[in-house]
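Working from the sequences, and respecting the hints, build out all of it.
Residues per chain are reported as follows:
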Amino acid sequence: MAAIDMKNIIKKYGDGFPAVNDVSLDIADGEFMILVGPSGCGKSTLLRMIVGLEDITSGDMVIGGKRVNDKAPRERNLSMVFQNYALYPHLTVYENIAFPLRLAKMDDAEVKKRVTEAADVLELHEHLERKPANLSGGQRQRVAMGRAIVRQAEAFLFDEPLSNLDAKLRGQMRTEISRLQRRLGITTVYVTHDQTEAMTLGDRVAVLRKGLLQQVASPRELYEQPVNLFVAGFIGSPPMNFLPATVDGSALQTPFGRFELDERKAAAVRGKELVLMGVRPEYFEDASLVEEHKRHLGSTFTARVDVTEWLGDSQYAYIPFDAPEEVTRQLQDLSRELDSDQLRTQAIVSIDATSRIREGRDAEFWIDTRKIHCFDPASGDNLTRDAEAGAALTREAVEDRESDLARSSGDGDGDGSAARTQVETSSTQAGGGSRRL
Amino acid sequence: MPTRERNLWYVGGLAIVVYALFPVAWIVSLSFKAPSDIANGQFLPSDFSWVNYQTIISGSASGLFLPALRNSFGICLIATAISCLLAMFAAYAIARLDFPGKKLILSTALAVAIFPVISIVTPLFNLWRQIGLYDTWPGLIIPYLSLTLPISIWTLSAFFREIPWEMEQAAQVDGATTWQAFRKVIVPLAAPGVFTTAIIAFFIAWNDFVYGIVLTSTEAARPVPAALGLFSGASQFEDPNGPIAAAAVVVTIPVVILVLLFQRRIVAGLTNGAVKG
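Just so you know, the sequences run in chain order A and B. Residue numbers 360 to 796, in our numbering, belong to the letters of the first sequence in order. Residue numbers 4 to 280, in our numbering, belong to the letters of the second sequence in order.
A couple of the hints might just be wrong.
[What the hints assert, rightly or not] DSSO-like mimics (lysine-lysine), calculated; alpha carbons at most 27 Å apart, straight line:
1) A/K653 / A/K730
2) A/K624 / A/K730
3) A/K569 / A/K366
4) A/K464 / B/K187
5) A/K371 / B/K187
6) B/K187 / A/K490
7) A/K425 / B/K105
8) B/K187 / A/K471
[Said to hold, decoys possible] Some but not every residue of chain A turned toward chain B, in silico, with C-beta under 10 Å:
9) R433
10) R435
11) H449
In short, the hints are calculated from the structure, not lab data. We put the CB at the ideal spot given by N, CA and C, even for glycine.
Pasting the structure below:
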């Protein structure tokens, strides 16, 4: 187990294109760090530089206090789960898991013991003698994880490990990975483009865009205090709505009407002419369903609903609006960069599932103005970000992790065998849980 | 309609099989005809006779045929083994590494493969005589390598390219050196490719006639195809067609056995299940 420190890491390819540009990131011992971003943002390249499969153009990669820039992958003692699992097809599941141990020239009895333990944790016992070709996707995934956990690696690295599984299995494996990481308390770096995985798994999430690190924070901080337009648009589903707004004293004039800002936010946007107002879908509500004591915390407006989608537990309404051409173009660029192609400028609004708002009619909405953010349309910076509140959220996440780790190592005295018994007892409990899933 | 279509396919397939196998059947039939029966004007021998096989195995032609058979086997197997081994390393480098001159190596290999044998055999004949390789096994193995290596490199590098990169990367992360990754992961995965390549290389060497006839003079190194050309009849008025047919059948057998033996390995393809397919 070790901390991973990256200092000003740059990766340039032959044509001079920087795939990773000046990334500095400290990953604490035992932390679950997520690298997330749209395709081509350099997250996989960064992961492969940690493990040593990709050369580092400049910067320092420090693992466990040692600079590893010039070390081969096998000298770094990290274990990795590949996107396509990369199991050895000519070996049985048992030998696949045992492969790293065989390379380390471990004696047969010890290999057997360790593989059996890993198979216990991952419930692979009945498959040990089979070949990877005969396994299902989820089973292959578990074998790949078995190969990663079987030796005492300094850190686990995951490269989009769940993207080849179907949605149901993905959810199941997600909780499994989370449980495993907490149980073993090993530093983990996890690359994904799926924001559900990013939000649910990570202690902290690093958002990358075109090789540049945008923000590193706990999922809560990313969600509530995004640093710029890109992070705000990337995190959250459905995405945050961006409305063009002109600043008018302490209020914003938007296509949906005029909204008063609180003092802090009004001060932050003072002097600007045009800003983008960012509102998450769930900060809207059907005005008729808002409780009286909350009503005065926001404002109401009336708009014509284009489409509604009822999903059982929630309901979305789509409200088109007009925007200056310049803003429209910018929003389209952003949505393209986020791998989604939004064709029209519309706000997606989450309303209560019981709401009687129907499409094609005017309806009154309530908006929680306490939670809106204002972005500079030119630079994309979040003008109203409350850095302190954000830092507090991330601090909470760090505390949560530390208490989790303390609990998982329990009365362990640092001796491997004690930690392992802990693993086994909790794995039996976990087994019941995963069967229920 | 579908039944009719299927029948047509069967008829067509049968026609092709007959067309391809008829000469083989003819040779087999010819090899069973006694010398006096060769011109009997019909496909089947009047009565089956083993006399031709006796001639080549224990009779007058055995002095020519048996050493040639031994030479052919020895030379072709050694040439195949060397060319597979060399081609494996070369193809691995070509498929995996990025180095200057990679294209050059591939195109040179191709150029060597299409170079007409007849144009280099005369200089080679003079050279071999001067350095003492004439009429020796190495004297044939070396030119055979020039025939088999290019094709081996090409087929093997195609096979290596199909093995996902992640296999080796996973092995390296698991603690393998480049050599261990190659030996424990890539070679087993490439085994079907290596078999296929070996068979192709063996055929090429086995079928060679020009080098065999020019670069040898005695049974010290003369391979079968060259020996067949030197068969003579019992008298100068008698064609050696029967013994030649019998020898041809004997020479074809190892090839047929090889194909039958490794057919499944070639087709199977070991990479199933390596990655999500």
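task = State the violated hints by number, sorted upward, taking the hints as numbered earlier in the document.
result = 5, 7
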